[in-house]
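A.B. asks: Spelled out, the chains give:
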Amino acid sequence: MSLTGLTRPWKDFSYGFLDASAKRELRRKMLKAVAVPGCQMPYASREVPIARGWGTGGLQVTCTLLNPGHTVKVIDQGADDSVNAASIRRFLTRVSGARSTWDTLEASLIQSRHRVPEEILREDQILILQVPNPEPLRPVEPNMSVARQMHADADYGRMWLQLYEQIVRSGRVMFGAAYPSLVHGRYVMTPSPIPRWDVPKLNMARHLTILSAGREKRLYAVPPYTRVEPLVFDDVPYKVEEHGHLTCYRSGLKGFFMNEIPQEDGGALHEVSDSHLGIKAIRQGDGEDVATGDTWYTNGEMGQ
Amino acid sequence: MQAAPTPDALETRDNLTFEAVLWALSRPGEPRALPDAGAGAILSALVDRECRAYADDPEIETLLRQSGASLVPLELADHVFAGLTTDSDLARFMRVPVGDMLYPDQGATVIAPAQIGSGTALRLTGPGIETARDIRLGGLHPRLWEVRATLCRYPLGVEMLFVDGAQILALPRSTQVEGI
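From first to last, the protein sequence lines are chains A and B. Counting from 1, one number per residue, gives the positions in the first sequence under the numbering used here. Counting from 1, one number per residue, gives the positions in the second sequence under the numbering used here.
In case anyone wonders, no lab produced these hints; they're calculated from the structure. Among the clues, some could well be false.
Stated by the list, open to error - Among chain A residues calculated to face chain B with C-beta under 8 Å, some are:
| # | residue |
| --- | --- |
| 1 | 13 |
| 2 | 15 |
| 3 | 29 |
| 4 | 30 |
| 5 | 34 |
| 6 | 67 |
C-beta: ideal position from N, C-alpha, C; glycine also.
Sequences are here, hints too, so could you generate the full structure?
C.D. replies: Right, dumping it as structure tokens:
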């Protein structure tokens with residue numbers, strides 16, 4: 001055994017930005033996260049060249065998974081062309097040589113902030129969600145050591161109380177996004193700030209979802225075919241946003257999650273939030289041959 | 001614009017190995033091809049000096065030493081490379097750490113050789129499996145599944161990666177195993 005045998009050849013740049021030991025740690029934690037669905041696994045969270053809270057958690061997971069054979073799609077609030085999505089996508093392709101796409105059907109890794117695409121994800125696709133606050137118990141228990149004990153005891157009574165208080169005060173559950181959900185009947189997780197519309201898409205899905213919070217240094221996962229049940233009372237059913245009747249003013253699509261665009265006259269126009277789905281619909285309208293996959297929702301109703 | 005970096009052979013192997021392990025663990029019971037035969041590739045993708053490892057095979061032990069992992073008694077290990085065939089193997093398997101309720105991630109990952117596709121018929125249910133999946137696993141102690149059930153009291157437990165040549169089959173702690 002010699003010293004050179006124990007060292008690796010010198011490299012001027014780590015492939016995929018993260019160094020090998022950072023990747024190995026993320027790999028170990030991702031495996032544990034998959035094995036215990038919904039349980040938050042602590043990890044070291046390295047520095048990456050964007051600010052904490054802007055998608056560093058998702059970025060580290062994507063950097064670990066990337067190889068030149070992958071095709072990456074990056075979503076910010078449904079759109080592929082916003083500053084955050086465009087810069088993360090450019091960074092990922094630059095450090096890895098992977099291809100990038102806007103089309104959900106072509107992507108193998110989908111890093112997303114605040115939306116799950118409308119087209120049904122396949123089993124060979126991995127959805128990576130950026131999470132600002134991974135702790136669903138934070139509003140009811142600010143001390144995270146106590147919150148960890150509550151997760152250990154599956155003590156979610158205060159979570160239910162919070163829902164009850166919202167219904168009593170406001171007549172409905174006030175979670176607009178990040179609706180707390182029970183994973184595999186054991187851990188309550190926050191599904192990252194995706195709208196209520198997107199939570200049922202994670203339930204018994206074909207794809208693997210990895211959720212990672214870089215600032216909070218925790219990651220968790222929802223494996224394929226895993227139950228994800230939003231917390232609801234028996235007599236107050238879970239409601240998604242009432243967007244089923246809205247029509248996108250640009251693409252004419254109907255029955256998907258919409259962005260509201262306020263107008264000067266006080267009214268509002270609606271635009272489909274999954275921007276590339278809209279683009280594909282417009283192209284199809286122009287007679288182009290563009291494939292659209294099956295969608296989770298049809299005419300505003302969730303399938304199955 | 002600068003050319004994109006290309007991965008070297010080791011990075012490519014580690015990446016593909018992890019992709020296979022992640023797929024296998026998210027879909028328990030589904031065999032997946034590893035880029036290289038044996039447990040060595042898994043070791044190089046996962047284990048480094050932050051790990052505490054145990055191996056019963058001197059060859060793997062050498063690789064562990066090179067990775068920088070500390071070699072520890074089995075009770076302290078987070079990565080265990082060991083056979084699960086003999087009675088003494090089984091007695092040892094009973095002592096593998098399963099994590100605690102606060103930190104279930106401290107449950108160990110056990111990497112063991114096995115024959116995939118022949119041997120005991122098992123029915124798997126749990127996350128990653130739509131309804132149930134029937135598999136055959138051979139080369140393992142007949143009482144292994146009993147012992148595993150006592151270790152894997154969800155969310156505590158161990159992850160098991162079975163390696164057969166260049167194939168891997170994984171059982172996370174969330175999977176229920178039933179003999180058929």
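A.B. asks: Work down the list of hints and note, for each, if the structure agrees.
C.D. replies: Comparing the hints with the structure gives:
no.	hint	verdict
1	13	holds, 5 Å
2	15	holds, 4 Å
3	29	holds, 7 Å
4	30	holds, 6 Å
5	34	holds, 5 Å
6	67	holds, 5 Å
Hint compliance for this structure: no hint is broken.
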